[in-house]
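Throw the hints in and build the complete structure from the sequences for me.
Protein chains: 2
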Amino acid sequence: MNKQNHLEILPPRRSIIWDDNHIRFIDQRLLPKEYRIIETDDWQVVAEAIKGLGLRGAPLLGVAVALAVAATAVKTSGSSDKITTAIDGLRKTRPTAQNLFWALDRMSKIVEEAINTKLDQSLLTQSIVNEALEILEDDRNCCSYIGGNAQSLIKDNARILTICNTGFLATAGDGTALSAVYRAHDDGKNIHVYACETRPLLQGARLTAWELKQAGIPFTLIVDSAAASLAAKGEFDICIIGADRIAANGDTVNKIGSYQLALACEAHNIPFYVAAPTSTIDFKCMNGDYIPIEERPAEEVFNIRREIITPEGINIRNPAFDLVTADLISGIITENGVEKPLFM
Amino acid sequence: MNKQNHLEILPPRRSIIWDDNHIRFIDQRLLPKEYRIIETDDWQVVAEAIKGLGLRGAPLLGVAVALAVAATAVKTSGSSDKITTAIDGLRKTRPTAQNLFWALDRMSKIVEEAINTKLDQSLLTQSIVNEALEILEDDRNCCSYIGGNAQSLIKDNARILTICNTGFLATAGDGTALSAVYRAHDDGKNIHVYACETRPLLQGARLTAWELKQAGIPFTLIVDSAAASLAAKGEFDICIIGADRIAANGDTVNKIGSYQLALACEAHNIPFYVAAPTSTIDFKCMNGDYIPIEERPAEEVFNIRREIITPEGINIRNPAFDLVTADLISGIITENGVEKPLFM
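In order, the protein sequences belong to chains A and B. Letter by letter, the first sequence follows residues 0 to 343 in numbering that gives the first Met the number 0. Letter by letter, the second sequence follows residues 0 to 343 in numbering that gives the first Met the number 0.
Keep in mind that the hints were calculated from the coordinates and are not lab data. It cannot be assumed that every hint is accurate.
Same chains, same names: a pair is fine if it fits in one copy or spans any two.
[To be verified] Calculated cross-link-like contacts (lysine to any residue; reagent style SDA-like; alpha-carbon spacing at most 25 Å):
1. Lys50 - Glu306
2. Lys32 - Ile307
3. Lys108 - Ser76
4. Lys232 - Thr95
5. Lys108 - Asp40
6. Lys232 - Asp281
7. Lys81 - Gln43
If you want it as structure tokens, here you go:
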């Protein structure tokens, strides 16, 4: 059944849904120029979208791979071999985001138990789908709780700096750091967001700007390296970022550029918070040095939306993330509350 | 006389020359895609090139405005009114680079003295041209001295981080920070440069990459916000930047992004140097708070080489420079030597 263009838009503040055993998601590569929905029950389509950043944002990656496994279970009528192939394939898409591995581990565990207990294939399918939908629902709820828990930190007239995209495009719900922004705005607080453009892939300029503009939340876009100068001039009151993986000691790996923001906030006594669901915490990582940092293709740097900006054939390093050590973090906002690093 | 395309290229490592009472310079807006020379004796052509960044780099701006005044003097046979109009017009092109005002002040002084002493117009013309050529020659020599003076700081196998473009495209000679790089390379030192791409206008990705590639000097391009993470991993040994204006206490205003580099170097005990001719020092500025920071058009941020990257109609802040306070600077490399800030 060709489900393409079954629905042209998703509900407000939603980037992924599960409908009739298919996944429907916004292809984020095309924003803000084009809003296009992809509908699929093929895990490889999801894997390719993840690799190419059509799907991105650590919590959303967890949800997307869970739903991709669920779609595979339905499509193959619960073939544990095929489900395992999907899990293994999805595991190889991106190395840093913890939520992706956390979700796949939950899926693997169900398949293993089903094999050990010789569970009927239709029951396995049902278990897998239920687990995936629970991950989806839990992520939505986590976003709401994170938004609520952040409110004690956001005063009226607050000017909030953020980087990358941490909104509904990065989660199954309202977002992580941007959930705090949405809630403050929904509660009637007068706020202003400074959005870092987020080189190389410009998730701030493309995605966060698109979300905030739609929501009517006042914001100003800056180049990433202007943040330190704004900090020096006292032009923002708090920085809230998301996280791709948080080590057991609170060290946080997030989008490249996060570390320079943390240093700037430290130098000027500006509170620096990380907002993330606890599914982002990797309890097996003692500290940030154990978190793998993905190096992505040079082309992301030299080719900006199809415009080549550099001489040909030069060396480029493109680390996608950096590490903010726990000592620079004022607190981590999760669905459970706001806690100091070293809280685990 | 139509002098367009009189010569298709300038001599190696030269971005501006004076030839037959005309100025010939590389139009830097088109690099690295196209190498085009503009030849003119019209100060307004120079003023427009400066505003549009066809000519940029603080020392080069000083040289370019001096030559533009000289061309005006020749063309108007020493009309002090017309020369003054040119000086006033060139003064309004860009507010931050000290060298521009320093050079124009030298020109103004000659005109004033000529008026006071009722100097013959042909003698005024000769004085103006001589002064401009002295500024040009001095800048070339300053670049050489800066390069030489920096060598005590650059060890064999040094990995040098820099931002923006501070090479022959930014001066009348070999550059400021990049002059140190050229000299180290010419002296046979094994060096590696990390070049920050320098958003929004990508002077690092476009111009520094172009210079270093031509010179065969090994380098790696990074996005600006990756520098802090390289500092944390010990991936470079020294940072050398240029300067647009240095206050009397050593506070330095330079390309936006310089401050985050200084904070990263401070956090990881990496030496952080400023390289600039003394014409960049504004002795009338007590400290950096008195230096005007140009805010440039939002379009430079949202329109990357004609590709629109953001939703339409959003707020953008585009400060072109930021301030590195003297406490973060290990030393200032001038034509006179390497001195600690507060050296004046």
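Going through the hints against the structure:
{"no.": "1", "hint": "Lys50 - Glu306", "result": "both (21 Å within a copy, 23 Å between copies)"}
{"no.": "2", "hint": "Lys32 - Ile307", "result": "both (19 Å within a copy, 9 Å between copies)"}
{"no.": "3", "hint": "Lys108 - Ser76", "result": "within (18 Å within a copy, 89 Å between copies)"}
{"no.": "4", "hint": "Lys232 - Thr95", "result": "between (34 Å within a copy, 18 Å between copies)"}
{"no.": "5", "hint": "Lys108 - Asp40", "result": "within (22 Å within a copy, 77 Å between copies)"}
{"no.": "6", "hint": "Lys232 - Asp281", "result": "between (36 Å within a copy, 22 Å between copies)"}
{"no.": "7", "hint": "Lys81 - Gln43", "result": "within (12 Å within a copy, 71 Å between copies)"}
The structure agrees with every numbered hint stated previously.
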